[in-house]
Each structure stands twice: as C-alpha cells, then as structure tokens.
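*Asks:* With chain D's structure known, arrange chain A on it following the hints.
Listed in order, the protein sequences are those of chains D and A.
With the working numbering applied, the first sequence closes on residue 499, and no number is skipped along the way.
With the working numbering applied, the second sequence closes on residue 433, and no number is skipped along the way.
Simulated from the structure, these hints should not be mistaken for laboratory data.
Treat each hint with caution, since some may be false.
[Stated by the list, open to error] Capping the alpha-carbon separation at 30 angstroms, the derived lysine-lysine pairs in DSSO-like fashion look like this:
(1) Lys331/D x Lys369/D
(2) Lys391/D x Lys144/D
(3) Lys82/D x Lys478/D
(4) Lys272/A x Lys369/D
(5) Lys144/D x Lys369/D
(6) Lys378/A x Lys331/D
(7) Lys113/D x Lys144/D
(8) Lys435/D x Lys391/D
(9) Lys82/D x Lys224/D
(10) Lys272/A x Lys261/D
(11) Lys224/D x Lys272/A
(12) Lys261/D x Lys369/D
(13) Lys287/D x Lys378/A
(14) Lys31/A x Lys261/D
(15) Lys224/D x Lys147/D
(16) Lys331/D x Lys391/D
(17) Lys369/D x Lys147/D
(18) Lys106/D x Lys391/D
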Amino acid sequence: MKPSRVTEEHNPSPQPPAPSPGERSEPSPGERSEPCAVCRRTFLRNGLAGVGLLALNSLLDRRLLASTGVVNPLHHPAKAKRVIFLYQAGGPSHLETFDYKPKLAEMTGKPMPDSFTAGQQIAQLQGQRLTCFGPQHPFQKFGKSGQEMCSLFPHIGSVADDICIVRSMWTEQINHDPAHTLMNTGSIITGRPSMGSWVFYGLGAETDNLPGFVVLMSSGKGGQMQPIAARQWSSGILPSKFQGVKLNSFGDAVLHVKNPPGVSDAAESESFQAVNALNRLEYKATQDPEILTRIAQYEMAFRMQSSVPDLVDMSKEPASVLEMYGAKPGDGSFASNCLLARRLAERGVRFIQLYHRDWDHHSGVKANVVIKAQETDRPTAALIQDLKQRGMLDDTLVVWGGEFGRTPMSQGDGRDHHIKGFSFLLAGGGIKGGLTYGATDELGYAAVEHAVAVPDFHATMLHVLGIDHKRLTVKFQGLDARLTGIAGNVVSGILA
Amino acid sequence: MTVAAGRGLPPDLAKILRRQEDERSPEQKEAVLDFFEFSTPELQPAYMRLAHLRAERDLLYAAIPRVVLTESTRPRITRVLPRANWMDETHEIVEPAVPAFLAKLETDGRRATRLDLANWLVSPQNPLTARAFVNRLWREFFGTGLSKVLEDLGSQGEWPVNPELLDWLAAEFMHPEWNATGAHDWDVRHMIRTIVTSHTYRQSSMSSAQIDERDPDNRLLARQNRYRVDAEIVHDIALSVAGLLAEQFGGPSVRPYEPEGYLAAMNFPKREYSASRGADLYRRALYTEWQRTFLHPTLLTFDAPTREECTVNRVSSNTPLQALDLMNDPIFVESARVFAENIVRQGGPVFDRQLDWAFERALNRAPGTEERQIMKELYRQNLARFRGSPESAAQLMSVGEAPHPAAQPEAAAMTLVARAILNLHETITRN
Numbered sequence: 004m005k006p007s008r009v010t011e012e013h014n015p016s017p018q019p020p021a022p023s024p025g026e027r028s029e030p031s032p033g034e035r036s037e038p039c040a041v042c043r044r045t046f047l048r049n050g051l052a053g054v055g056l057l058a059l060n061s062l063l064d065r066r067l068l069a070s071t072g073v074v075n076p077l078h079h080p081a082k083a084k085r086v087i088f089l090y091q092a093g094g095p096s097h098l099e100t101f102d103y104k105p106k107l108a109e110m111t112g113k114p115m116p117d118s119f120t121a122g123q124q125i126a127q128l129q130g131q132r133l134t135c136f137g138p139q140h141p142f143q144k145f146g147k148s149g150q151e152m153c154s155l156f157p158h159i160g161s162v163a164d165d166i167c168i169v170r171s172m173w174t175e176q177i178n179h180d181p182a183h184t185l186m187n188t189g190s191i192i193t194g195r196p197s198m199g200s201w202v203f204y205g206l207g208a209e210t211d212n213l214p215g216f217v218v219l220m221s222s223g224k225g226g227q228m229q230p231i232a233a234r235q236w237s238s239g240i241l242p243s244k245f246q247g248v249k250l251n252s253f254g255d256a257v258l259h260v261k262n263p264p265g266v267s268d269a270a271e272s273e274s275f276q277a278v279n280a281l282n283r284l285e286y287k288a289t290q291d292p293e294i295l296t297r298i299a300q301y302e303m304a305f306r307m308q309s310s311v312p313d314l315v316d317m318s319k320e321p322a323s324v325l326e327m328y329g330a331k332p333g334d335g336s337f338a339s340n341c342l343l344a345r346r347l348a349e350r351g352v353r354f355i356q357l358y359h360r361d362w363d364h365h366s367g368v369k370a371n372v373v374i375k376a377q378e379t380d381r382p383t384a385a386l387i388q389d390l391k392q393r394g395m396l397d398d399t400l401v402v403w404g405g406e407f408g409r410t411p412m413s414q415g416d417g418r419d420h421h422i423k424g425f426s427f428l429l430a431g432g433g434i435k436g437g438l439t440y441g442a443t444d445e446l447g448y449a450a451v452e453h454a455v456a457v458p459d460f461h462a463t464m465l466h467v468l469g470i471d472h473k474r475l476t477v478k479f480q481g482l483d484a485r486l487t488g489i490a491g492n493v494v495s496g497i498l499a
Numbered sequence: 003m004t005v006a007a008g009r010g011l012p013p014d015l016a017k018i019l020r021r022q023e024d025e026r027s028p029e030q031k032e033a034v035l036d037f038f039e040f041s042t043p044e045l046q047p048a049y050m051r052l053a054h055l056r057a058e059r060d061l062l063y064a065a066i067p068r069v070v071l072t073e074s075t076r077p078r079i080t081r082v083l084p085r086a087n088w089m090d091e092t093h094e095i096v097e098p099a100v101p102a103f104l105a106k107l108e109t110d111g112r113r114a115t116r117l118d119l120a121n122w123l124v125s126p127q128n129p130l131t132a133r134a135f136v137n138r139l140w141r142e143f144f145g146t147g148l149s150k151v152l153e154d155l156g157s158q159g160e161w162p163v164n165p166e167l168l169d170w171l172a173a174e175f176m177h178p179e180w181n182a183t184g185a186h187d188w189d190v191r192h193m194i195r196t197i198v199t200s201h202t203y204r205q206s207s208m209s210s211a212q213i214d215e216r217d218p219d220n221r222l223l224a225r226q227n228r229y230r231v232d233a234e235i236v237h238d239i240a241l242s243v244a245g246l247l248a249e250q251f252g253g254p255s256v257r258p259y260e261p262e263g264y265l266a267a268m269n270f271p272k273r274e275y276s277a278s279r280g281a282d283l284y285r286r287a288l289y290t291e292w293q294r295t296f297l298h299p300t301l302l303t304f305d306a307p308t309r310e311e312c313t314v315n316r317v318s319s320n321t322p323l324q325a326l327d328l329m330n331d332p333i334f335v336e337s338a339r340v341f342a343e344n345i346v347r348q349g350g351p352v353f354d355r356q357l358d359w360a361f362e363r364a365l366n367r368a369p370g371t372e373e374r375q376i377m378k379e380l381y382r383q384n385l386a387r388f389r390g391s392p393e394s395a396a397q398l399m400s401v402g403e404a405p406h407p408a409a410q411p412e413a414a415a416m417t418l419v420a421r422a423i424l425n426l427h428e429t430i431t432r433n
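Excised from the complex, chain D in its bound form (with noise of 0.2 angstroms):
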C-alpha cells in the first residue's frame, strides 16, 4: 500500500505549473487593479531596463497568490462572496441588546426558578443564590418589519428590515479563551483552523496586494478586556499562509511595511528588484520551484507596501462617509476599523474580522451597555448601510456577535458568562432581512426554539458562500478532516 501523504497539504508552496510562452504576456484586461499598485508595478518594469528582470511575468505569480480556493467550483451558488464579522469579544449580553424579555423584567429580584438552572454550568455564579435580574434598558420595535430591540441601538433599528436577529444561540464553553476558539474553529481544543483560514483556503482570495483573511482589533472604554490570542486567527492544520493577518491600528498597519529610515521608493523597489533577479538566475540554475514562491511573494510584499498605506489612508473619504461611521482617522476605534472593513471588501479581502473588545460586564452592565452601544451602535449601521449603498451588501455577509452571553441572573449589578443562548445579527448575502429567528425561553435562559448551535452558524456561513460544509476538508492525520469539524447544520430558516 502506497504511504499515506499525511502532510501533504501542508506543503506551503503551490507547485507552479511551469511557464509556458502563453503565459507571459501581460495581464489580462479583466484583473482586478488598484491605480497605485499599477503605477508601482508599472515603476517595478521600468526601474532596471535592460537588466532583464522580468523574465517571468507576474501573471504566472498571481496565480500562486490570488488564486481560487479549492472548491472550485463552487458546490452550489454562492449568495455571498466574502464575510465581515464583527466580533463583540467578552461577551454581549443579549438581554440589553436584541432580545427582550419583560418576563425578566416583571421577575426582578425574585429567585431564579430551579427549573431553569439545576445542574446546569455556570461561571462565577457557581453555587451562588440566583436571583432574576431584568432588562436594564427599555426595548422599542424597529423597521416596517418591526423587529425588537434595546433602544440603546437606534442606528442598528434604522437598518433593522436589513438585518436578521438569531436570537437562538447557544455555546458550549463559558470561559472566554475556549469560547473564542469553539467560535472560530469550531473545536475547543487548539490547532485547529480559524473560520477565516477555512473561507481563504476553501474561495481562494480576489486580491493578490493584500491578505485574503484580515484582522484587526479596538477596545473599548470600559476597562474589563480580556486578552484575544493570536491563535484566534490562526491556520491550524492549514498552510499557514492561509492564517488571519492583523492589521494594526497604531503605528504601521503592517509589520515592516514601511521603508526602513533614509531608503526612498526608488531604492526600495531597486532593492526588491535586485533581489528577485538574483533569485530568478537562481531558479534558473537550480529550477527550485520554491524559488518562483518567494519571488512572488517578494513581488506581493513590493505591492504591499503601498496596497497597505493606500487602504489605511482614509484621507480621501468624504466627511460624510466618516460622519457617518463616527470615525476618526487612525484612532483605532471599532468605527474607524468598521470603515476599514469596507476599504477592505472593496478591494477583494476574503474575510475580515473585527475583534472589539470589552463587553465582558460581570459588574456594572447598565452603564457599560451604554458605552458599547456608543462604540457600536453607529459604525455597525453606518457598515451595512455604506455596503448597501455600493451594492455590495448583497454579496457581503455581515455578523455581528460574541463568544457567548450574560445570565439572566444578577451578578452583583452585573451578569455572568452565559451560554445557553445568545444573540447574534447578520446581514447582507444570502440571509433574510428583517427576521427575528429562534427565541430563547421566557426568562432569557436558553435557547428553545430553532436553537443554533455554533457549528450551524459555521454551516450556515459556509452555505451562503456557496461551500458544502461536510466537504470543506483537508487530509490531517490520514484523514480527510471536515474544517469545520463533524456537527453543524445549515439553518435553512434565515436563508432569502
């Protein structure tokens, strides 16, 4: 029996098939192109005339870069071509936020039924007395579809006939770090890809100046942020080059995407040149094909550096475009990043994940939902309806939500880590708009109807971007090994 090539996949490097005469002709008219990287590129083929440095055309290297994933085809249509997720890390509570319960409100003060919570996990409020604790802010109904919601997130409402509220939601991990990693990779135990390596890996990206699987990253004002690893975005069992790159929102986007100090543009791109051609005349003697690779990749770190200043560079967006998210320029906060989202869609990036940090309310929820809601409320709307606008809602999938939820039980003037059901948004590609979907039971509790566990929220996504989740797969330890793991159900419910 032949060995089984058990990392196989892991080869980082696509073999390229070789060069043939047809393909090195310039690129076609229909390839996506930004001004500035051509004008960079056009500067790359002229810089050292004579010297013949291109001898390979870049054609041939972007399709190691901006390549089709491996489903290709698709397995069914595809509704939406790329995710922004915006993720409430800490934990939302989805009692001051999308679902109502006035059950609660009436209950306030009295014991939690034993019904509800006998033998049940709880995080901080493990053998504690539990006592029912009510919305702290009043709900009103939003839209012509008259969808519920905290009166906190006006901006949110205004959307809300866009918007599909799964009020269904339901984890199985009620610490954070475990609950992020069931929510991205849908396993608890570590090492496994993230969703946004699995949609890279599986579509292939629309770009070859950027990372086809962006993150990025802003806290909030109240104070209680846990830590986000690195590994959230991580590739897993995956070529690694399919993992999540964070942007930064201080200082350079990009590590090392700037020149470094006393090296102009010119003498970048010479340097780059120099590089790329002494690599070339050693793939010429040595016909590594790992070689071609980093030529290519030198190439796309070359248009990187000016494809990153270009996307962080919002000078040249309206005031009424920044009036509307509430942004500011290069002060980090989920509306610039939100508005960075869309800079990023636009310019062909796979899936883009904000993390927003500091929903983590143990004490104080009250207050601290007012806080959140300033920071999100605005963006999240100004997001979905900035991508309406250009038309690119309808193949852009929107989610918004976190790990988990709060108790309905009092913490104090606080809630707990709660997963028994949650709430989460989502808009755009393939979802129905203005649906409240599922209901969690009368206290807020768990979730009872239409409950949606997160490998069916993976399900779902993978859906609508035209991915048969049961055969997004990758050969891992002998076997073919579903990214997602072995649950999940599409939620055929929430689909237009």
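*Replies:* Just chain A now, with coordinates in the frame of chain D:
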C-alpha cells in the same frame, strides 16, 4: 580539648559538660561548640574561613535550578473514559501501564511509577524512543524525516521510506558500533557525526529531470534536499554574516527589538516591552523571550510555533510578510548595515573585490557575472542617491544600537547591497 575546670565557664555550660557527650541534646551540643569558638581566639581565622566557605556553598546550592516533583501518596482513581467523557464514572479502573501491544512494565505486581516508565523508555527492549529521536534528527539534516510525520510513528503516521535505515540508526544510537571509538550509548554527537559524514548527506542538492520524475519529493535522497532554515536560524544567519551575533552560551532570555504596541491585545496585566541593551540584542534567536501565544513577530513570521501545544514538526511557509520582515525589520536592516561596514572595511577599495568578499561571507561562493552586474547597478544608483542626500545615508546608517562610524555614502549604498544579499532565497535556504 582542655578547659580549666570551673574557671571562666558559665554555670549552664559546666552543667552540660558534666553530662556524657551522647546524653547531650542538640541545643546543648551547640552551646558547647559556641563556647569553644568564643574561647579559642587562635582559631578565629579558621572559623572565619569556614563561615566564608559555607556561605559560598549555600550560594552555589541556591544557584542550582531545582525540579520540584510531587508524587501523590494515594494515587487518584483513573478510569476508562467512554468517548472521552470525564464525567462518566461507570467504566473500569485502570492502573499505570504502557500500551499493551508494546510491552508490559516488569514491576512484580507493584503499581508502576513514573520511574518505571522512564526506565522503560530507554530500555533496550523499547526501540521507539531511539527511533523517534533519530527520525527527528534526520529531519534536521535532510528537511524531512525518514518517516515524514515526526510526531507519530504509529498507524496514523507515515510508513518510513527506508525502515531498515531507520532501525539501523536507532540501534546505532542506543549502542554505537559503527566507527564508534569514543562514543557512548545514546550519543547524539556520534549520530550527528555519522549522518553528516555520510555520502547521502554530502550530496549536491541539484536535481535533474530524471530524479524529479522518478522521485518528485526526493524521499529516496538521490540528491540532498533544499529547504528554508527554521525561524531562529533565519535570524541567526543575518546576525552571523554581519558579525553581530553574540555567541554567548546560556543565561536568561533576551528581548530583541519588537514593534511598539505588539502586545496590545494582551491584558491582565497589560504588557510593557522594553528591548534589551548591548550584546543581548544580538544573541541567538533561541534565547528570545517567549510570550506564549504572542511570540516575537520575527519568529512567528518564519513559522516558529506559539508553544501552546507541543510542535514537533514545523510547517515552512513562504509569505509576503517574510519578505517585508527580512527587508525592513530593524534587526535585519541593522545586520545589513553592519555587514556593509565590514564589506567596505575588509573587502579592499574596489567594488568587485568587496562584492567577492560579501558573497564569500554570506554564500560561500563568488558572484556570477550577471549577479555582479545587478549588484553593481544597485550600488551605483544608490551611491549617487546617497551622495546627493547625506542625511538619508546618516538615517540608514543609524538603524539599530550597534555603534556606527560617521556615515559614508559608500557604506549606505553598500548597505542596500548587503540587504539584498541577506534577502536572497539562497541565504536562508539549506542547500
């Protein structure tokens, strides 16, 4: 010893001395010794010396790292967990053992301990330890193990391409016999010497169409393999070529330069980072401080694992972030500039000789004609540029903490040449 009876002797002590020596309590014995020390000034230097030696001994002991080991006196009950459910307590109770298909620990019915396991791991009856180790060692010298899946030599791993060789190496490791003069059992150095002096290791890595067709992954090693070196070595090569590498052995971890705010996603407590000073900036990357899940970005970019789980076999990626890092990361720019200063200083007055010296140092070969032409052009253009803008030259030549002489346009232009050399695929590839 003689003490004049009664004279100058405290009554308490006299009382103690009247007892037989073996009847005195430890406190009483100590009191006698104390008084003896007090009453014999001629022995004071010896006592001082003894105290010094004792203090030194204590210091030495205190400096030895201790492994704290606890062993439960009443071992907890361990059960088979059906489908890994640790809350299910219905299944059979099990005792410590090694996998039954491998062996049985000989303990005469006594409950096995960790010492039994340790002894079994290195016993001649167990070939697995040696096999796993030499397979891992093989990867260091050929890029891939004889069995590719280093972490699993079992059924979910890969059948070795050459099981006889793997077994021979394992046996040789446990008990050297081949050119074994001076070698001992489990002698890693002997194994390394055996591998690197082999014909297989010393082959050229050049391939041919025939080899590529018959063995595309080169598992049969008709040639040497080519592969990018590990993250730490990428770093060390640049520093070593530059002449910056501080080859100090051991000691506490060091903190190389790190981009500001890199640890901002951490909390409890918030992390402040301040880089080391002086030689500690230039230690081998092996000594870089690990912040688990947020390891140093240079190492992360070149695929060092985050140490959250045991990683035996690293993947080797090839990404644009690596290019940006090698081109623009201050540690590599500093390496290039110090390398350039050495090139200018040691390569003689003529550019061609300087380039020869640089290629020899970094790549162990002379540059080819076309390479020479490309590098000359890079140097020429940038020399003109830096002559026109001495302040740019000064900026470039002051990257990093290493001392820098007055910036010369020649050295600045050479820095870009040096940087290009440090960025070559060949430089970071084990050929």
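*Asks:* For which of the previously enumerated hints does the structure constitute a violation, in increasing order of number?
*Replies:* 6, 9, 12, 14, 15 and 18
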